Amino acid sequence: MKKLINDPQQVVAESVAGFALAHSDLVTMSQDPDALFVSRAGGAVPGKVGLVSGGGSGHEPLHAGFVGVGMLDAAVPGAVFTSPTPDPIQAATKAADGGAGVLHIVKNYTGDVLNFETAAELAEMDDITVKTVVVNDDVAVQDSLYTAGRRGVAGTVLVEKIAGAAAERGDDLEKVHEIATRVNAGVRSMGVALTACTVPHAGKPSFDLGEDEIEIGIGIHGEPGRERIPAASADEITGHLLTAVADDLQVTSGDKLLLMVNGMGGTPASELYIVYGRARAMLEERGATVERSLVGNYVTSLEMQGASVTVLRLDDELTDLYDAPVVTTALRWGA
Amino acid sequence: MKKLINDPQQVVAESVAGFALAHSDLVTMSQDPDALFVSRAGGAVPGKVGLVSGGGSGHEPLHAGFVGVGMLDAAVPGAVFTSPTPDPIQAATKAADGGAGVLHIVKNYTGDVLNFETAAELAEMDDITVKTVVVNDDVAVQDSLYTAGRRGVAGTVLVEKIAGAAAERGDDLEKVHEIATRVNAGVRSMGVALTACTVPHAGKPSFDLGEDEIEIGIGIHGEPGRERIPAASADEITGHLLTAVADDLQVTSGDKLLLMVNGMGGTPASELYIVYGRARAMLEERGATVERSLVGNYVTSLEMQGASVTVLRLDDELTDLYDAPVVTTALRWGA
Amino acid sequence: MTTLDVTWARDWVKASAAVVAEHRVDLIDLDRAIGDGDHGENLDRGFTAVLRKLQEAEPETIADVFTLVAKTLMSTVGGAAGPLYGTAYLRAAKAADGQSLDAAGVADMLDAALGGIVARGKAEVGDKTMVDAWSPAVAAAKEVATSGGSAGAALAAAADAAAQGALDTEPLVARKGRASYLGQRSANHRDPGAQSTALLLRAAADVAAGGRR
Amino acid sequence: MTTLDVTWARDWVKASAAVVAEHRVDLIDLDRAIGDGDHGENLDRGFTAVLRKLQEAEPETIADVFTLVAKTLMSTVGGAAGPLYGTAYLRAAKAADGQSLDAAGVADMLDAALGGIVARGKAEVGDKTMVDAWSPAVAAAKEVATSGGSAGAALAAAADAAAQGALDTEPLVARKGRASYLGQRSANHRDPGAQSTALLLRAAADVAAGGRR
Ligand SMILES: Nc1ncnc2c1ncn2[C@@H]1O[C@H](COP(=O)(O)OP(=O)(O)O)[C@@H](O)[C@H]1O
Ligand SMILES: Nc1ncnc2c1ncn2[C@@H]1O[C@H](COP(=O)(O)OP(=O)(O)O)[C@@H](O)[C@H]1O
Ligand SMILES: [Mg+2]
Ligand SMILES: [Mg+2]
Ligand SMILES: [Mg+2]
Ligand SMILES: [Mg+2]
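Residue numbers (this note's numbering), protein chains in the order written: chain X, 1 to 335; chain Y, 336 to 670; chain Z, 671 to 883; chain U, 884 to 1096.
In short, the hints are calculated from the structure, not lab data. Keep in mind that this is a model prediction, so the values were computed, not measured. Cβ coordinates follow ideal geometry from the N, Cα and C atoms, glycine included. Mixed in with the good hints, there may be bad ones.
[Unchecked claim] Estimated spans, in silico, between C-beta atoms of each pair:
(1) Arg-621/Y to Ala-1002/U: 41 to 47 Å
(2) Gly-203/X to Glu-939/U: 57 to 63 Å
(3) Asp-212/X to Arg-722/Z: 45 to 51 Å
(4) Asp-342/Y to Lys-204/X: 30 to 36 Å
(5) Glu-728/Z to Asp-34/X: 18 to 24 Å
(6) Asp-172/X to Glu-652/Y: 23 to 29 Å
(7) Thr-890/U to Ala-520/Y: 51 to 57 Å
(8) Gly-99/X to Thr-816/Z: 54 to 60 Å
(9) Pro-1054/U to Glu-213/X: 41 to 47 Å
If we strip away everything but chain X, and leave its shape as in the complex, we get (with noise of 0.2 Å):
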């Protein structure tokens, strides 16, 4: 294991410190290091829907990188794949009520959902609202009832960026958490891993791949994924994802769409580029067009090489909010 770090136990506490002094004119970092958060620079915004969230650390921007006008009024880093405990969720909470209450934006993890739960308890006892909507757009997992469902993946930022919109311009938590729910239930996604990451604390790779071998519907942790194939080109990895993603969307002629590919970390630009093209090139095909695109680093796996393909079907509001200010370190644009 190579890695940039000092001590491994020390490695959030200072790439979050690193990144509070980059981006000070963004974001401030809470001062007390059992609480861990990062908020807006200015405070809650009076009047204005919170939105927090958090969830472990390895998957930068994510949450951190969304955290400015227009999108995150707080995050909460966990340890590395970890889920942050509820004690600096509810300290996140406080720091983003405005008075409007606040929504919680959690992906899909038993450990996430539990502890953000006992925090909006704790939250709710400081008599701050909270409302949550839980994110589940990994198409790679069978959701049921019997099971803890789907994954929450890369659609986690469409959520934040438009339910950021959406209480920016002055929703109240009712309709902010409207509109994030009607994004989450409109986004899936599915993703490939080429190679396994190295938490620093395991020092050893998450899991091991053959040097022909690809992990198909990989998560975000270094979880292996559903099959491992043998290794394939772009445009057939890309035509499982998309396929995946797009049937299970029920993708159709003469939807609007957003379109999203992500890289894990370890992946050049350039052939999420290659993969984007393919994707979109496949939309196209089903008679729906690719409306608004993002590619890039935005939900990482530490250094995993691999993507995620995620799909979201707009409506004039979304768009909307979706083309709205964002001042955030990781999305930036309007203003």
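Given the coordinates of chain X, assemble chains Y, Z and U with the ligands onto it according to the supplied hints.
Frame of chain X, contents of chains Y, Z and U with the ligands only:
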């Protein structure tokens, strides 16, 4: 070699095509595949000095990611790690010319310099005035009259950003060239590789590095570095890089600086921020202040793991130009 | 010993920290195979904090010891295991409100812990989670209590049953937690949370038997 | 053969394309060691294009053949080698303006090519570049011409000298091109451009001797 590609020979063509599709609001791609370049959507701006850069591919987002308002007018991607030939550079120069002449921003490699030189001659035959700035910020390489001199690396982004802002505010070619030269004179960089990268058509890693070794003073083309040392902590490695950079730039108390920590493509953002934190502390120990910061993957070497540290000495004019609006796919603010 | 007191509770916590540190890498490896490779790290971080807190606080009752463990795990572990173990110890604290525990008290305490885990995680036996270790452990302790055995014997039986339960998770296909994402591929691996449960209950029994402190 | 005509020139180009394709990986490996690993790929891309152009254009003079090579390499190779080889062939075309080349003509042609490389790249002998192969090649061809040898003999001598020159780059520390960034670490490796020069001149001699076409 596992990559998200189809035909190794088509990597550049396919990925540039995907890029142009995904960002058709900002850029357009040339139609002639033998003269491939990316230019601003909307074409040359009449009366504005045009900025053209280019070089081997594999460094994305450099250069095409910096095409747009306030930065480049056109970018010319060569084969992976191979400077483009004169024809597409000439064509891009023509496309970028708004009647006020064109600045070529060239990284100091023999191939880049020679091909841009020829292209400039060809452009002059089309009655376009061309001036050239050769970027050479890499302190890993000894500068001398008798060698090829220092390489151009991550500092190129700052030259492109700041000269681009000068052109956008209406400076003439003479002045834009002067600004670009000033930035180049005040910027220094040095990099480290934890792993090599693999050029698609070569199919093998660009060099072999043991599990406990790192390369200090790496270039951006998978070239081996100045020295190979045992793997070390982020603080130690940052110490090597920052000391070399700051010594060469003669950073002293009271200096106002821009600090850039650039990822080589395969390094998690969290690690870049750890490096940033240490580099910043070291600059502050010298009595300098870090006024602006840029952290991320800007000048990469495919999927190489590693980072580079860049320091630019700021003055008021350069700071204003750096802060000026920029609307490109990779750098965007103020508009 | 026929009953267990606060000394046992404190020693169990110390032994838990030791056993988790010792098996940190094993638990990480189990979690790497069908999860995200952090279970050993998470529990180690948690019990290291618990140990520190225990020294500072010196709790005087079994309930206070368990409450301290609950709160500390809840606020330091994160992930799925943090809230689940946290709730388990919290419910155990409520159940163990006297000065000492006999076999029936042990069984009630374990049953309460299991109830907390199920309340939070909604897993059933056979879902390939820590419930598959806790559930037989509770049954075994109850049996000892019914047949008039000692508190130590109840813990020993619970530990044995939990170990067997952890082993029995191997063929299962996970339906809860992170391993459920793997579907069929989760079979032929032991569940890390069931394994850590077995380790913790073994430590409890060992300490009760005077073997480990 | 005492003189060389356009057929030789055309065959040399074909043989060059073949030899470059054959040694593509060797040249990549040399360039991986002290450069960026693209020299074999660059030349292969270039000569593949040259071959296609040659079939379309059917040039009728040596000069036209070389001009076609020059322009095609210039517009397809890129990197350092593209402009350097491009200029070399352009100057060679200017020097070879008759219908045929004798030994003196060969020496002049090679000398012109070298002149072009130096004009663009400013390297001197000993800088560990292709100049270290071209320079002894020119001297050897001149010697054959002075002593009354054939054009083929001049090329053979040039090829031998270039091969030796390429070999002699191994101990050198690079002062020009990408290898110069390595400083001392560039020693003990052969320069890829010197090696490709040796291969191309060997092909020229082989074709002249009737051995390769
Ligand atoms: N719904 C659940 N009910 C009971 N136990 C669960 C549940 N989900 C997960 N677990 C347990 O948690 C363990 C994983 O813990 P850990 O690795 O620390 O958390 P995470 O899965 O968040 O990384 C699993 O091995 C399993 O025993
Ligand atoms: N200034 C120079 N003069 C002469 N030859 C040079 C010079 N710079 C580089 N070369 C030659 O070019 C070769 C490298 O070519 P190539 O790998 O195709 O280009 P690049 O270095 O741009 O990747 C070197 O091996 C060397 O022989
Ligand atoms: Mg986890
Ligand atoms: Mg090259
Ligand atoms: Mg885990
Ligand atoms: Mg090369």
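| Which hint numbers doesn't this structure obey? | 6
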